[in-house]
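**Q** Residues per chain, in single letters:
Protein chains: 4
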Amino acid sequence: MDQLFPRMLRFAQFGAGRIGAIHAANLASTPDTQLLYIVDVNTDAARALAVRHGAQVAGVEAALADPRVDAVIIASSTDTHADLAIAAARAGKAIFCEKPIDLSLKRVDACLAAVKKAKVPMFVGFNRRFDPSFAALHARIARGDIGAVEQVIISSRDPGLPPISYLKVSGGQFRDMTIHDFDMARWLLGEEPVELFAYGSCLVDPAVAKVGDTDSAMVVMKTASGKLCHINNSRRASYGYDQRLEVHGSKGRLTAGNRTATTVELADASAVSGDKPLFFFLERYADAYRAELAAFVQAVSNRQPLPVTAHDGRQAIVLAEAAVKSLQTGRPVKI
Amino acid sequence: MDQLFPRMLRFAQFGAGRIGAIHAANLASTPDTQLLYIVDVNTDAARALAVRHGAQVAGVEAALADPRVDAVIIASSTDTHADLAIAAARAGKAIFCEKPIDLSLKRVDACLAAVKKAKVPMFVGFNRRFDPSFAALHARIARGDIGAVEQVIISSRDPGLPPISYLKVSGGQFRDMTIHDFDMARWLLGEEPVELFAYGSCLVDPAVAKVGDTDSAMVVMKTASGKLCHINNSRRASYGYDQRLEVHGSKGRLTAGNRTATTVELADASAVSGDKPLFFFLERYADAYRAELAAFVQAVSNRQPLPVTAHDGRQAIVLAEAAVKSLQTGRPVKI
Amino acid sequence: MDQLFPRMLRFAQFGAGRIGAIHAANLASTPDTQLLYIVDVNTDAARALAVRHGAQVAGVEAALADPRVDAVIIASSTDTHADLAIAAARAGKAIFCEKPIDLSLKRVDACLAAVKKAKVPMFVGFNRRFDPSFAALHARIARGDIGAVEQVIISSRDPGLPPISYLKVSGGQFRDMTIHDFDMARWLLGEEPVELFAYGSCLVDPAVAKVGDTDSAMVVMKTASGKLCHINNSRRASYGYDQRLEVHGSKGRLTAGNRTATTVELADASAVSGDKPLFFFLERYADAYRAELAAFVQAVSNRQPLPVTAHDGRQAIVLAEAAVKSLQTGRPVKI
Amino acid sequence: MDQLFPRMLRFAQFGAGRIGAIHAANLASTPDTQLLYIVDVNTDAARALAVRHGAQVAGVEAALADPRVDAVIIASSTDTHADLAIAAARAGKAIFCEKPIDLSLKRVDACLAAVKKAKVPMFVGFNRRFDPSFAALHARIARGDIGAVEQVIISSRDPGLPPISYLKVSGGQFRDMTIHDFDMARWLLGEEPVELFAYGSCLVDPAVAKVGDTDSAMVVMKTASGKLCHINNSRRASYGYDQRLEVHGSKGRLTAGNRTATTVELADASAVSGDKPLFFFLERYADAYRAELAAFVQAVSNRQPLPVTAHDGRQAIVLAEAAVKSLQTGRPVKI
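Chains as they are written, first to last, in this note's numbering: chain A, 1 to 335; chain B, 1 to 335; chain C, 1 to 335; chain D, 1 to 335.
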């Protein structure tokens, strides 16, 4: 009977900004789901998004109080994630939460405790795990294409510097940007890093240093069994969003590169040239955003384990904290 | 006022098969459009598609008689295209017609006459012009990246043989398969071919020869100014759908290659290997199907010229007919 | 005993021009060979090359009369090839002859008759068969990587137009340029073409048309079993020497592309760009020239069959003649 | 007058092993050079190489005492480099010395002092600087293609583990293998690293750990201005010799990849696959070995500054020592 009439999964969404608009649109094209509420302090934005997708504007309490709501999408500003997740957990809703859960590990742990107590599933939006190329690379490691993983190299470079006003509240490059790469590292290594060492520099714009942040970073990590991982980051890549993985194992190497808008190449008297990588995360990870939401819906609907959990969200923050400490002390940091 | 309240473009669609399902789904995600009717002799298929997209099932006459219907999508079987287009033209509807208009040039011309008389816009679904890579290549020719076009080379190879039952009614390889390449050739050359010569062979399966068809073909064409074009076709490419363009001009070469599902590469003791091309037209041209419908909607809504016209549909058939004649006579054929 | 003291193979070389200099230098680095004589009507060129490689300058008769001479390299002007080959055959020397044997099929046949009568081995310098990529592609066809060959596509484009004075005596584009591609076609198809059709245009420079030649060409050919082949040629490729092979078989596709001087790629705000192909035949086929001479030396020294024979040289000319006739008559030509 | 009769540069070579054979053969094809002596304790090897290249076998003293000898090539075992270089310097010979000068920094400094006192030029064989792709990448940084250098990423992975007997005397992975990458790093950064941090693991073979060495390593370094560099090494890459550079600057990214023997690609039902990288340093750096010797000959002949000096040799060792210390202490090391 379940298969004839699959139960509709009903959502309330917190946040009607750029990333909220993406999740709402993806939900609209995900079968067997319904978006009931949009919640945002910016009521104009909330209304516009609600109208577009046939949802209602509501406040937090009302949305969580509706027993029809099965799940929430938390896509509001970072400082609200933990509180909303705790409230949703207490209301018994399944949680899809944008990364990071919080910039403070203490608050993250409070959130995880609430989720654990409420026994609700909580997914953290590490979208890159759902990029078709990265997901395929991970699957091929899992099926043994390169034997035992030995080294992981992650290149992750943004096309340009965000506004300094954003950087001030971002938590810094490691918590805001590298956090995605820390999740990739854990996922690809298949083991927890036990130590890391980080360098950070300000090479792109001196204004970044003035707000106490870095714009260029390199991290190395090792696991208990001696596997090694390197991450390089920059806030500037004139050629677009540079997102590549390289994994070396006992039997070979797997790489996943950038995607381009077209396959057109021009050969002329100066060079053979092709497209730059897709511009930024909205373009590069459009498929990934769709796939992560579909994965959440499927797991929650079928009461299966989530492919990314609140614990994963916590561990990425632990690594980011360690990187901050390494940068501050100039020493490697045990995890 | 038009811009504040853009007029909704309302459709009736003929055909609820595989390609009809694609167009209906694309219409559903195209802003400012509405699908009113699905028409198909297979009433189960019509009903299923209608339910999915909030349309009604109707007959041809009823659909065309509804004054709310602005435009039709003709995605039914090839032998019905011309009659439906004529009826739609008489009813004053804008026409989006799947290729080919008809396998008989005489009927094509009758259709074009009716369309001309009715002064309705008619678009023929040469989807490949809307593939992001092919469209970008064409735009770069137009902006002068390679100077004057001199030679065009089109590789167009299907992953596998269709059923023999389909081949029997397909009109033959040149009318069914090469027709897309003939359109590409005209579009890229920027001049009409004035002569062509064609070879066809049966190399994939002797059953193809038994129904009087070929499965492997090579065509060369020239234009009045001496530009040259080559097309190669096969009904079998074990590695997937091979769709590539190569254009040589006085200042350089432009190429557009295949697309892959991922960018993953494996380097191991045997080779460095990557993904095969996307499997077939549904995968490769998914973006193109979306873009061609959007282009039709935009042109019709804004009363602008269509980017592909019924005349283009006719000319591709003229070239296909010439290729058939060349194959039969063993001689080059003037066009 | 032979293996302990391998017999030295001693050469006389006719021709001290550009290609002669290449062969002489390659001979110098081929073990178990010695260059005894350089023969050239340009005595300064002959002397310079002879001094460089420790050879003597001589006339044709003297060189052929020396019983120490085992083999000759014919790298003089095309119109002297046949006579020199006949003389060398009568003198019992093994022959390495640059392509073409002659522009006249009648004289080619006279030459082949003399060679046959003298029972000497005669090699024709189709260097491209020895390009590492092309040779590897051919070997992989032979070992069955793509099953039965069905279609061959040859792209062969020069970086720029030779002097008109050269074109006047070249025999025309098909005999001078396409001849290499005709040899590639026969080699890759593994069957003789039985018919061809050719288009030729003058698109690069009207001066070419004034001397009755073409600068742009497309050929299609078929074999008795229905295999198809396409060749495209241009005398202009602003991006360098474009030399690519593509072979389709029942089980897959093999391609061999251009080579570059470096693997450097630049990604910047405009594109991702890499090297153009190597400039022209001296750069692209440097390895091939070395390898063909080594293959000749090895086969003659070990009395093994030659990998390319005078018959191959003849057949390429037969195809070139057919292409000329097709161009002149506007009809396909049986071979 | 110098240009009409360029002075011949005459060499004595120490070492007749694998790398010695390469240098001797390259010298043989370098114009205006002559190899007078081969010196090796293995007199059979010395004799064979001497016969092959028309040189004489001699002892160290005799070779250095001959006033005709202008320059020496030191290609003997590592532990003899410093003494031979000191002796050659005292004899007033120009020195081409294989890397490393010595495993002990103290002995390196003694050698540099002797060279300085004797005012002879000393070149250290960092062959990779002369790889066509790496040299072109460096030249493009120098001409400003990517603006100011910000980050350097060096991937350097051997195809397989050397014998444990070799590892025992090699000085360890950082001194034996990473030393090349340390030189690349200095060359590409255009600034001296002021600190580094190193991880090393034994992942390939436990026998490596038993002799106190590592087989897998990751290093990060920074310069005074904050530029960052990462090196990753492994003694095992099943797919061949992996040698890649990636340099990020303010205006773009330059990369240099591996080279392959051919450009052949196979597309079949499983994948699109091409050649593995060239197997090891003899294949990959054949051009580089030729070019470095030519650069040495040209600089010494024309009394120009050497492109790589003994100081460069020393600095690479300083970095290797720092990496060893970092690995031993688990701390970053100031340089």
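To be clear, the hints were calculated from the coordinates, so they are not data collected in a lab. Among the hints, a few may not be true.
[Claimed, not checked] Okay, the calculated bits of chain C under chain B, using three or more residues with CB under 8 Å as the criterion:
#1 46-57
#2 248-261
#3 282-292
[Claimed, not checked] Derived pair list, reagent style EDC-like, types lysine to aspartate or glutamate, alpha-carbon separation capped at 20 Å:
#4 D:325 / A:79
#5 D:251 / A:195
#6 A:99 / A:79
#7 A:251 / D:205
#8 D:251 / C:268
Yeah, the Cβ is synthetic: ideal placement off N, Cα and C, and Gly gets one too.
**Q** Count the residues of the region 248-261 of chain C whose Cβ falls closer than 8 Å to any Cβ of chain B, and tell me whether that reaches three.
**A** holds (count 5)
**Q** Using C-beta distances, would you say chain B covers the region 282-292 of chain C, given that this needs three or more residues below 8 Å?
**A** Result for this restraint: violated, n = 0.
**Q** Decide if the proposed pair is consistent with the structure: residue 251 (chain A) and residue 205 (chain D), CA atoms, cutoff 20 Å inclusive.
**A** holds, 13 Å
**Q** Hint check: residue 251 (chain D) vs residue 195 (chain A), CA-CA at most 20 Å. Holds or violated?
**A** Violated. Residue 251 (chain D) to residue 195 (chain A) sits at ~33 Å, over the 20 Å cutoff.
**Q** Straight-line Cα separation of residue 251 (chain D) and residue 268 (chain C) no greater than 20 Å?
**A** Holds, because 6 Å separates the two Cα atoms, which is no more than 20 Å.
**Q** What's the verdict on residue 325 (chain D) and residue 79 (chain A), does the C-alpha distance respect the 20 Å limit or exceed it?
**A** violated, 43 Å
**Q** Do at least three Cβ atoms from the region 46-57 of chain C come closer than 8 Å to Cβ atoms of chain B?
**A** violated (count 0)
**Q** CA of residue 99 (chain A) to CA of residue 79 (chain A), is that 20 Å or under?
**A** holds, 11 Å
Checked against the numbered hints above, the structure violates hints 1, 3, 4 and 5; every other hint is satisfied.
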